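Peer 1: Single-letter residue listing:
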Amino acid sequence: MCQDCGCSVTVAERVPVLKPLLERNDAEARHNRAHFDAHGVRAINLMSAPGSGKTLLLEATICALRGQLSCAVIEGDLETDNDAARIRRHGVPAVQITTGSACHLDARMVHHALHELDLDGLALLFIENVGNLVCPASFALGSHCDVVLVSVTEGDDKPAKYPVMFRDADLVLVTKADLLGVLDDFDVAKVARHVRELGNPAPVVTISARSGEGMNVWLDWLRAQRAASMGIAERAIAATGRT
Amino acid sequence: MHELAICQALLDEVERVARAQHAERVCGVHIRCGALAGVEPELLHRAYEVARAGTLADDAALTIEDSPVRVYCPRCRSESLASAQRLVCSACGEWRTEVVAGHELLLMSVELIAADGARS
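If you read the protein sequences in the order shown, they are chains A and B.
Under this note's numbering, the first residue of the first sequence is numbered 1, with each subsequent residue one higher.
Under this note's numbering, the first residue of the second sequence is numbered 1001, with each subsequent residue one higher.
Hints are computed from structural coordinates only; laboratory data are not their basis.
Careful: at least some of the hints might be erroneous.
Here are some, though not all, of the chain B residues that point toward chain A, as calculated from beta-carbon distances under 8 Å [what the hints assert, rightly or not]:
id, residue
1, Cys1027
2, Gly1028
3, Ser1109
Beyond 12 Å from chain B on every Cβ pair, some chain A residues (computed) [unchecked claim]:
id, residue
4, His31
5, Ala49
6, Glu59
7, Val92
8, His111
9, His112
10, Asp120
11, His144
12, Val182
13, Phe186
14, His194
15, Glu197
16, Thr206
17, Trp221
18, Glu234
19, Ala238
Fair warning: this is a prediction, and the values are worked out from it, not measured in the lab.
Using N, Cα and C, we set each Cβ at its ideal position, and we do this for glycine too.
In isolation and in its complexed conformation, chain A is listed as follows (with noise of 0.2 Å):
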């Protein structure tokens, strides 16, 4: 009821909010990161189109780093756990979460995941999102740096076409390049470009999980991910004072 004359016109209140709409989310991935640098743990955030090539490359890296670098994987997929049983193959612990008909993984859906793996002793986490360049874009997962996969079969325009998943991206591949010689329409150059004309500085690599062309820049990129996590456990052990 209208408060000044006793009317019965109904008065609406304009409440200012300015909050982000994830923000909940976001708090969520914040707990998540916290998790991981206690643990001195590197959380990687892979993401691409659907068959990009992640599962490949991830087996691969499992096996390159073997003996080196300790890894686990979550498994983002709609349905079926065929992606974390091929992880399991190669001996390393993978969960897998299966999100119905959910696009994307968020932050909460990692950290029910995260109960089900033990982080001591860990240096790398792998987060295998769903296959996807829209969605998955949008919700924070508390990983440490997100890794875009685009494969050759796809289109040198990939970045131009998903600015927002693009514009992020940590480290940009450019996977199945064993293909690259019968894909004359492919140019990675351009890919470069246009991650470049999204403000994004990040390094565009060309790789091939098959014939191991570009592997060890990549490996080398995770050894650093890694060094730059112990890091920062290093520093929350000086700053609480332990030993």
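The hints should help you fit chain B onto chain A, whose structure is shown.
Peer 2: Just chain B now, with coordinates in the frame of chain A:
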């Protein structure tokens, strides 16, 4: 179609604000959505129609305010409008820019109807 998940997060927050203000219901929801937020306003409107059912906002109109993409160029120290696909400085062509607007996805305000007697 992550717009539904975003609408659910939006309505959780809208209901939280409404309850904190002891409102009877919500009659308007205003958000700001930039072209780099990764959300399609048309899809957000449709998802909102579904998500608002049974909430305090079940007859509240959703208003989506656009936020044009703007970049700051550290080289020439100017700010300019940009397209979502090409975030380069329009003054000098530099690509190492910083996005200063157009990436937001914010709940700006809600319009509340007070519960009878709550404000007497």
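Peer 1: The structure should be examined with respect to each hint, and the outcome stated for every one.
Peer 2: Each hint tested on the structure:
Taking 8 Å as the C-beta contact cut-off toward chain A, the hint placing Cys1027 (chain B) at the interface holds, the least distance being around 5 Å. Against a cut-off of 8 Å between C-beta atoms, the interface hint on Gly1028 (chain B) holds, since the closest Cβ of chain A lies about 7 Å away. For Ser1109 (chain B), the shortest C-beta to C-beta distance to chain A is roughly 5 Å, which falls under 8 Å, so the interface hint holds. Non-interface call for His31 (chain A) relative to chain B: holds, since the shortest CB-CB distance, roughly 16 Å, exceeds 12 Å.
For Ala49 (chain A), the shortest C-beta to C-beta distance to chain B comes to about 15 Å, beyond the 12 Å cut-off, and the non-interface label holds. Annotated as non-interface, Glu59 (chain A) keeps its C-beta farther than 12 Å from every C-beta of chain B; the closest such distance is 28 Å. In this structure Val92 (chain A) is separated from chain B by more than 12 Å, as the shortest Cβ-Cβ distance comes to about 29 Å. Every beta carbon of chain B lies more than 12 Å from that of His111 (chain A), the smallest distance being close to 16 Å; the non-interface claim holds.
Every CB of chain B is more than 12 Å from the CB of His112 (chain A) (nearest about 16 Å), matching its label as outside the interface. Distance to chain B confirms Asp120 (chain A) as a non-interface residue, since its nearest Cβ pair spans about 32 Å, more than 12 Å. With a least beta-carbon separation of about 20 Å from chain B, His144 (chain A) lies farther than 12 Å from that chain, consistent with its non-interface assignment. Distance to chain B confirms Val182 (chain A) as a non-interface residue, since its nearest Cβ pair spans about 29 Å, more than 12 Å.
Listed as outside the interface, Phe186 (chain A) is consistent with that label: its C-beta sits roughly 19 Å from the nearest C-beta of chain B, beyond the 12 Å cut-off. For His194 (chain A), the requirement that its beta carbon stay farther than 12 Å from each beta carbon of chain B is not met, with the minimum near 8 Å. The Cβ of Glu197 (chain A) does not lie farther than 12 Å from every Cβ of chain B; its closest approach is about 5 Å, which violates its non-interface assignment. In this structure Thr206 (chain A) is separated from chain B by more than 12 Å, as the shortest Cβ-Cβ distance comes to about 21 Å.
Remark: the non-interface label on Trp221 (chain A) is consistent with the geometry, its nearest Cβ contact in chain B lying 21 Å away (cut-off 12 Å). Remark: the non-interface label on Glu234 (chain A) is consistent with the geometry, its nearest Cβ contact in chain B lying 30 Å away (cut-off 12 Å). At the 12 Å boundary, the C-beta of Ala238 (chain A) stays outside the reach of chain B, the nearest C-beta of that chain being 32 Å off.
The structure does not agree with the numbered hints 14, 15 stated previously, though it agrees with the rest.
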